[in-house]
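Peer 1: Okay, here's what each chain looks like letter by letter:
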Amino acid sequence: MKNKRSLLAIPYVGWMALFVVAPIIMVVIYAFTTADFSVTGENFTRMSTFTVIFTRSFKLAIIATLVCLLIGYPLSYAMAKEGKGFQRVAMLLIMLPMWVNFLLRTYSMMSIMENNGLINQFFAAIGLFDLINHVFGTNIQYFKMIGTQGAVVVGMVYNYLPFMVLPIYSTLIKMDNTLLEAAQDLGADTATVFRKVILPLSLPGILSGVTMVFVPSVSTFAISRLLGGGIQMLLGDLIEQQFLGGAYNPHLGSAIALVMMVIVVACMWVMNRFGEGEEQAVML
Amino acid sequence: MKKLTALTLACTLAASLSLTACSVERVDDSGNSGNNTSTDGNRVLNVCNWGEYIDESLITKFEEQTGIKVNYQTAESNESLYSLLKTGGANYDVICPSDYMISQLIEEDMLQPLNYDNIPNYEKIGDEFKGLAFDPENKYTVPYTWGTLGIIYNKTMVDGEITSWSSLYDDANKGNVLLINNSRDAFGNALIYLGYSVNTTNETEIREAYELIADAAKRGIFQGKVMDEVFNKMEQGNAAIATYYAGDYLTMYENNPDLAYVLPEEGANWFVDAWCILKNAQHTSEAEEWINFLASTDSSLANMDYIWYASPNTEALEKYPEYYKETYGEELDMELYNIMAPSTDVLKKCENYVVLPEETRTLYNDLWIQLGL
Chain A
1 MKNKRSLLAI
11 PYVGWMALFV
21 VAPIIMVVIY
31 AFTTADFSVT
41 GENFTRMSTF
51 TVIFTRSFKL
61 AIIATLVCLL
71 IGYPLSYAMA
81 KEGKGFQRVA
91 MLLIMLPMWV
101 NFLLRTYSMM
111 SIMENNGLIN
121 QFFAAIGLFD
131 LINHVFGTNI
141 QYFKMIGTQG
151 AVVVGMVYNY
161 LPFMVLPIYS
171 TLIKMDNTLL
181 EAAQDLGADT
191 ATVFRKVILP
201 LSLPGILSGV
211 TMVFVPSVST
221 FAISRLLGGG
231 IQMLLGDLIE
241 QQFLGGAYNP
251 HLGSAIALVM
261 MVIVVACMWV
271 MNRFGEGEEQ
281 AVML
Chain B
1001 MKKLTALTLA
1011 CTLAASLSLT
1021 ACSVERVDDS
1031 GNSGNNTSTD
1041 GNRVLNVCNW
1051 GEYIDESLIT
1061 KFEEQTGIKV
1071 NYQTAESNES
1081 LYSLLKTGGA
1091 NYDVICPSDY
1101 MISQLIEEDM
1111 LQPLNYDNIP
1121 NYEKIGDEFK
1131 GLAFDPENKY
1141 TVPYTWGTLG
1151 IIYNKTMVDG
1161 EITSWSSLYD
1171 DANKGNVLLI
1181 NNSRDAFGNA
1191 LIYLGYSVNT
1201 TNETEIREAY
1211 ELIADAAKRG
1221 IFQGKVMDEV
1231 FNKMEQGNAA
1241 IATYYAGDYL
1251 TMYENNPDLA
1261 YVLPEEGANW
1271 FVDAWCILKN
1281 AQHTSEAEEW
1291 INFLASTDSS
1301 LANMDYIWYA
1311 SPNTEALEKY
1321 PEYYKETYGE
1331 ELDMELYNIM
1341 APSTDVLKKC
1351 ENYVVLPEET
1361 RTLYNDLWIQ
1371 LGL
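Protein chains in written order, with my numbering: chain A, 1 to 284; chain B, 1001 to 1373.
By construction, these hints were calculated from the structure, which means they are not laboratory data. Note that the structure is predicted; figures quoted are calculated from it, not measured. Backbone N, C-alpha and C fix where the C-beta goes; we use that ideal spot for every residue, glycine too. One or more hints might be untrue.
Claimed, not checked - Computed footprint of chain A on chain B; a stretch qualifies when at least three of its residues, placed anywhere within it, have a C-beta under 8 Å from a C-beta of chain A:
1. 1265-1279
2. 1303-1316
To be verified - Chain A side only, calculated, beta carbon under 8 Å to chain B, not exhaustive:
3. Ser-111
4. Asn-115
5. Asn-116
6. Leu-118
7. Ile-119
8. Phe-122
9. Asp-185
10. Gln-241
11. Gly-246
To be verified - Calculated Cβ distances over 10 Å to all of chain A for the following chain B residues:
12. Arg-1043
13. Gly-1051
14. Glu-1056
15. Glu-1137
16. Tyr-1196
17. Ile-1206
18. Ala-1217
19. Glu-1229
20. Arg-1361
21. Tyr-1364
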């Protein structure tokens, strides 16, 4: 009986084998070979050159994840507590941007944050720059946003915030209200209820949210190229450069991708230790 | 369950492997049948060109005239085209790379010599576009477009006129310069400014060019590294100076007349994009018809009008101002025409790219990454 039902998993297992497992095997093969496919570890010896890029990518991804968490948690909490109407509107507002293609959204963020973009035009129109120049004796025409690391973080938060909100919201909404009442009956104040009951119970949601924001952030290349100006490379740019850049070197590119994957998996593993026993924690 | 999973995994892996094997066989099959059926109705041609690089009505016209079904695809850059060809993910017959990529493809034996008897319109191509460094004996290519890579700047955002590449590295334009996001062009500009050849393989010279760019980057001169984003940024006045192709400048100029184009006094790079047929092409005769069709004066005129890149067809170059007048009922601005198709005197100051040895390509790539650290 059990075996028969597991037959249903075949399409999924086949899909995963073809599009997840096989590519990973290919990445590993490429990473450990040279252009004529003789085995080598040479691709990894160059990795230390890229330390700066690794550090920068992980730093920006961690900041973006934290910001998402700080914005996302209170929002999810409010949504779970408020009535159906608020939930519906909030959910719509969160989902709506996701119906638009990711690249298009990032392009429009670009024109919003340009030196001559919407934000700066707005500031100029309300006379903010005149005021600043008058008070501080400076001569600025715009705030520089595009091409900074801040712009990259904003882009990441904007694009990936829904992935933080949705899992947290779904753990919070499923939470058994009687547990909260029991805690209150036993004399816990609001802060204690949150700390001892709500937060631990929502941990699985937080963990999957963090994973779902952190992983795409650390490997993005479109956001850094469009909003960061590409002057300072991120890991995604570096890997793309090996495949589509002047020197075609998929072996080095695979090696970098492999190192990145290992680090990400290690991070996720450490993080999931915090949530041990919470079986719902999703490990991507 | 475990066994089942393992079995499925093994099967899919085997299937995917045999699939690749099959597709290789299929290539051979249809290759043969392609040649056999070239006289009946099922003729197909796989074309790969740059985006926005053809008057699309020409494709329909070609299909109607010849009955050949065109699978038209586009690539983003020479490098991504090369990567597509290398990974075997593409089965194009005819492609349109730029000069230096053509010489690399020739070097790697990926192109087939053309039979110019089947391409009579080749005669109309001007001599100055034949036998260039990338294909010295002219065995593999029929030029499609040509132009220059110069400086585009916003007259309202820069003091005075720009005449030199030095403006790209000048503190006066801090935060307002867009670096072209392609190591060959970015280093090429710096090399010209320093008075070296764009095709130099001398490591000291290339490193000097790198230092020039890296130093400017450190001083915050560059706003970003861009390719197609340049349109938006320049048209809306978000940056003052960029380097890009003459044909694209004309498109930007239509949307923002404050923009000017200049070929700096130190010289510049001029490029030729040309049609070539891949060695393993399955539809050679269709590809020849395609190349011949596009080299004709009518097609060249339509293309020039649409994409703003100059054609190497001498007749079309001569007729274009007249064609413009007939089509739009007004005189063509000769200043713009000279930007699109500069005279041979101007071209003499400019240099073509040829392929660099692998060592130098690796150096370019390493330095380019170092720039992004």
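Peer 1: Answer holds if the nearest beta-carbon of chain B is closer than 8 Å to that of Asn-115(A); otherwise answer violated.
Peer 2: holds (5 Å)
Peer 1: Going by Cβ atoms only, is Ile-119(A) closer than 8 Å to chain B?
Peer 2: violated (12 Å)
Peer 1: Does the nearest C-beta of chain B fall within a distance shorter than 8 Å of the C-beta of Asp-185(A)?
Peer 2: With Cβ-Cβ at 45 Å, over 8 Å, it is violated.
Peer 1: With a cut-off of 8 Å, does the beta carbon of Gly-246(A) approach a beta carbon of chain B closely enough for the hint to hold?
Peer 2: holds (5 Å)
Peer 1: Can Gln-241(A) be said to touch chain B, with a Cβ gap under 8 Å?
Peer 2: With Cβ-Cβ at 6 Å, under 8 Å, it holds.
Peer 1: Given Ser-111(A) as an interface hint, is its Cβ closer than 8 Å to any Cβ of chain B?
Peer 2: Cβ of Ser-111(A) sits 7 Å from chain B, so the hint holds.
Peer 1: Is Tyr-1196(B) truly not at the interface, in the sense that its beta carbon sits beyond 10 Å from all beta carbons of chain A?
Peer 2: holds (18 Å)
Peer 1: Hey, does Glu-1056(B) actually stay past 10 Å from chain A on C-beta?
Peer 2: Non-interface label on Glu-1056(B) holds, nearest chain A Cβ at 23 Å vs cutoff 10 Å.
Peer 1: Is the coverage entry for the stretch 1303-1316 of chain B by chain A consistent with the three-residue Cβ rule at 8 Å?
Peer 2: violated (count 0)
Peer 1: Find the nearest Cβ of chain A to the Cβ of Gly-1051(B) and say whether that gap is larger than 10 Å.
Peer 2: holds (15 Å)
Peer 1: Closest CB-CB distance from Arg-1361(B) to chain A, is it above 10 Å?
Peer 2: At roughly 5 Å from the nearest Cβ of chain A, Arg-1361(B) sits no farther out than 10 Å, so the non-interface label is violated.
Peer 1: Over 10 Å from every CB of chain A: does Glu-1137(B) meet that, or does the non-interface label fail?
Peer 2: holds (26 Å)
Hint compliance for this structure: hints 1, 2, 6, 7, 8, 9, 18, 19, 20, 21 are broken, all remaining hints hold.
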